[in-house]
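Read top to bottom, the protein sequences are chains A and B. 26 is the number that the working numbering gives to position 26 of the first sequence; each next residue is one higher, with no gaps. Just remember that the working numbering sits 162 ahead of the position in the second sequence, which is counted from 1.
In short, the hints are calculated from the structure, not lab data. Keep in mind that the hints are not guaranteed to be accurate.
[Claimed, not checked] Mimicking SDA-like on lysine to any residue, the simulated pairs with C-alpha atoms at most 20 Å apart in a straight line are:
no.	chain 1	residue 1	chain 2	residue 2
1	B	K214	A	C88
2	A	K118	B	P590
3	B	K526	A	P53
4	B	K602	B	V281
5	A	K118	B	E552
6	B	K471	B	P321
7	A	K118	B	K463
8	A	K118	B	R357
9	A	K71	B	Q394
10	A	K71	B	S557
11	B	K235	B	S167
12	A	K118	A	S143
13	A	K118	B	N550
14	B	K526	A	W29
15	A	K63	B	E390
16	B	K235	B	K196
17	A	K71	A	R60
18	B	K244	B	V281
19	B	K606	B	P321
20	B	K463	B	K606
21	B	K244	A	Q48
22	A	K63	B	E452
23	A	K71	B	S304
24	A	K118	B	N582
25	A	K71	A	W29
26	B	K526	A	N62
Nothing here was measured: the structure is a model prediction, and the numbers come from that model.
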Amino acid sequence: MVTFELRADVEDFLNREARLLDEHRFEDWLNLFTDDAEYIVPLREHVQGDVGPAGHPIIRDNKMMLLARIKKDQTGLSHVEIPSSMTCHLISNVIVDETQSSNEVQVSSSFIVRQARKLRDEAWWVGRRQDILRRVGDSWMISRREVNLDMTVLPRGISIFF
Amino acid sequence: MTVLSELGTIVDWEKGLVSPAIHFDDEVYREEQKLVFGRSWLVVGHEDMIRKPGDYVSNYMGEVPVVVLRDNKNQIRVLINKCSHRGNQVCLFDRGNTQSFTCSYHGWTFGLEGELLGVPMEQPFYRGELNKENWGLAELPSVANFNGLIFASFDPDAPAIEKWLGEDVSWWLENFVLASPTGGLEALPGWHRYRSPGNWKLVSENFIGDDYHVFAATHVSWLHVIREFLDQGILIPIVTYPGSPTRQVFEGSAGGGEGGPLGLGMIVLDDSIYQRDLEEAEQLGPESVEWIKERHDRLQKVLTERDSKPYSFMNGLLFPNFGLMGFFSAMLGRHFLQFHPRGTMEHEVWQWTMVEREAPQAIKELAVQRVYQGQHMAGLIAPDDVENFERMVESTRSSQVWDRPFHYGLQLGHEHEGPNSLPGNIGPNPSEFNQRQFYKFWLKQMQASRTPAGKE
């Protein structure tokens, strides 16, 4: 049974996780992921009738690829993050469900992320996430995150995390 | 005096000097919709995207939405996505399978050949006086299938596609881009799309030949990460940049006579990438090794008569706006990018992925992953290009700064210093020869009389 305490605990985790991203503490953020974690952003499209699913997603990262993205921006030569984007992650509509596994919960949430670049360039990213959070010792870790962006044409290249 | 009337002076491709005005001037933009997009053969998709009758994909030709479909007689058609009655869009989906398109305004319904099938309450209101045969969807008058790649043109008198492309462009497209000798390409469904700042020509000229930016500045962060990970023995998927000065890397150029030019950046003429593909294939298993050897043998047969033996290319563009990525390696999927014009300040990239049809599943999976982790809207490469275009718009949009031309002088006068046993021109890399060829042909189209292409 999902108790009030459990839901509050998960929400607190998600809010603190978002703060790490907005403060650009990317290695601390990556430490919240389990070693076998998956980070997936499916392709969103409008399809009609009898057609197959999209051939590949926008992102399907393991922890090593997430690290590669962070390392790229740490080279000091990653122009897409020079100067760094300002981001504000607003996380809402959190629903916690139990899973078959006693140490894991499934969490859905909605988000609005505003990305501000340079003087007046910006992007608004809106969508929903499906997470699997795993209890490891005293804390939660993310073992799977699926990010469904509500857009079929992205407003700019993705250089931030959701 | 307008920018349009001065094009002959301000587009000085021979000296490698081109005014930024051609990207930002509204009148130039309006005219090129007619003179460039209205008369060129434009890529609209690949036959593998529409395998069975009723299959369709949506796309654009310039700013015009079109539907590319396979009708019930297996003929590929390109219809303008605009109701013949009052101009409403009739197809709202990115791809699908259907037998008809019904307009949401008054309910006119069209079949797969564009024919007007039905009109609501036709008998009582139109009293049998509407000649439905005259009111089908407009269809592109010229459609061609070149080794699976579907082209269309607004020009009813467009030259045959073979003539537009010419022998040299056809040779490179067929053998290296579309992989015909090695069994052709298989499409992965789905448009990967993103908005990007700047006029469409900024990104087109980047793809046709700008390999200078790759390792000089724009993408060095990506190259650093690859090097750092490789040094630690970590194989993240995208590791396929050659990056060694000992390798024989050239720029390929073809066409630009009757039809638009093709540029291919970083053609590798030694077997270093083949050897690297073999090493990687060994980690995937004997089936993969067998395939890499097999496709190499088939390619060698095409090259029997040639002194130079190209293995692959990295990037390219077919004029006006069709970007090509091969990334050197058989272990990486092809990706095709269309740079759709969206005014002087923005373009939209529509990208799709293909893999070699006969490759084993293990190679296909790796090849696809490397596409979306690299030159893709969420990869480690393309977002840095988008960032550059945004900065270029910010600093160059004002007509106050258009007097000073952009510089395209790299390898000026040295463009033919390469082996000459291959179709087209093989020159040094990096170079801006292909950018100069791009603007030469663009200028020719902008200055042509209003006589449609192909007519004398």
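Right, here's what the structure says about each hint:
1. Of the pairs offered as hints, the one joining K214(B) and C88(A) is violated, with about 46 Å between alpha carbons and a cut-off of 20 Å exceeded.
2. Among the hinted pairs, K118(A) with P590(B) is inconsistent with the structure: their alpha-carbon atoms are about 37 Å apart, more than 20 Å.
3. With a C-alpha separation of about 17 Å, the suggested pairing of K526(B) with P53(A) holds against the 20 Å cut-off.
4. Between K602(B) and V281(B), the direct Cα distance comes to roughly 49 Å. Violation of the 20 Å bound is thereby established for this hinted pair.
5. Straight-line distance between C-alpha atoms of K118(A) and E552(B) comes to about 10 Å, which keeps the hinted pair within the 20 Å bound.
6. Our distance criterion of 20 Å between C-alpha atoms is broken by K471(B) and P321(B), whose separation comes to about 32 Å.
7. Among the hinted pairs, K118(A) with K463(B) is inconsistent with the structure: their alpha-carbon atoms are about 53 Å apart, more than 20 Å.
8. Our distance criterion of 20 Å between C-alpha atoms is met by K118(A) and R357(B), whose separation comes to about 18 Å.
9. Taking the CA atoms of K71(A) and Q394(B), the gap is near 14 Å; set against the 20 Å cutoff, the hint holds.
10. Of the pairs offered as hints, the one joining K71(A) and S557(B) is violated, with about 29 Å between alpha carbons and a cut-off of 20 Å exceeded.
11. For the hint linking K235(B) to S167(B), the alpha-carbon distance of about 48 Å lies beyond 20 Å, and the restraint is violated.
12. For a cut-off of 20 Å, the pair hint linking K118(A) to S143(A) is broken: about 34 Å separates their Cα positions.
13. About 12 Å separates the Cα atoms of K118(A) and N550(B), which keeps this hinted pair within 20 Å; it holds.
14. Between K526(B) and W29(A) the alpha-carbon distance is near 32 Å, which puts this suggested pair outside the 20 Å criterion.
15. Taking the CA atoms of K63(A) and E390(B), the gap is near 16 Å; set against the 20 Å cutoff, the hint holds.
16. At roughly 32 Å between alpha-carbon atoms, K235(B) and K196(B) are farther apart than 20 Å, so this suggested pair is violated.
17. Between the alpha carbons of K71(A) and R60(A) the distance comes to roughly 17 Å, so the proposed pair stays at or under 20 Å and holds.
18. A threshold of 20 Å between alpha carbons decides the hint, and for K244(B) with V281(B) the separation of about 16 Å falls inside it, so the pair holds.
19. Restraint check: the Cα-Cα separation between K606(B) and P321(B) comes to about 16 Å, which is no more than 20 Å; the hinted pair holds.
20. The suggested pairing of K463(B) with K606(B) is violated, with an alpha-carbon distance near 37 Å, which exceeds 20 Å.
21. As the CA atoms of K244(B) and Q48(A) are separated by approximately 18 Å, the hinted pair is consistent with the 20 Å bound.
22. For the hint linking K63(A) to E452(B), the alpha-carbon distance of about 32 Å lies beyond 20 Å, and the restraint is violated.
23. Pair hint K71(A) plus S304(B) does not hold up; C-alpha atoms about 49 Å apart against a cutoff of 20 Å.
24. A hinted pair counts as satisfied when its Cα atoms are at most 20 Å apart, and K118(A) with N582(B) does not qualify at roughly 47 Å.
25. Annotation: proposed proximity of K71(A) to W29(A) holds, straight-line Cα distance about 13 Å (limit 20 Å).
26. Our distance criterion of 20 Å between C-alpha atoms is met by K526(B) and N62(A), whose separation comes to about 18 Å.
Hint violations for this structure: numbers 1, 2, 4, 6, 7, 10, 11, 12, 14, 16, 20, 22, 23, 24, all remaining hints satisfied.
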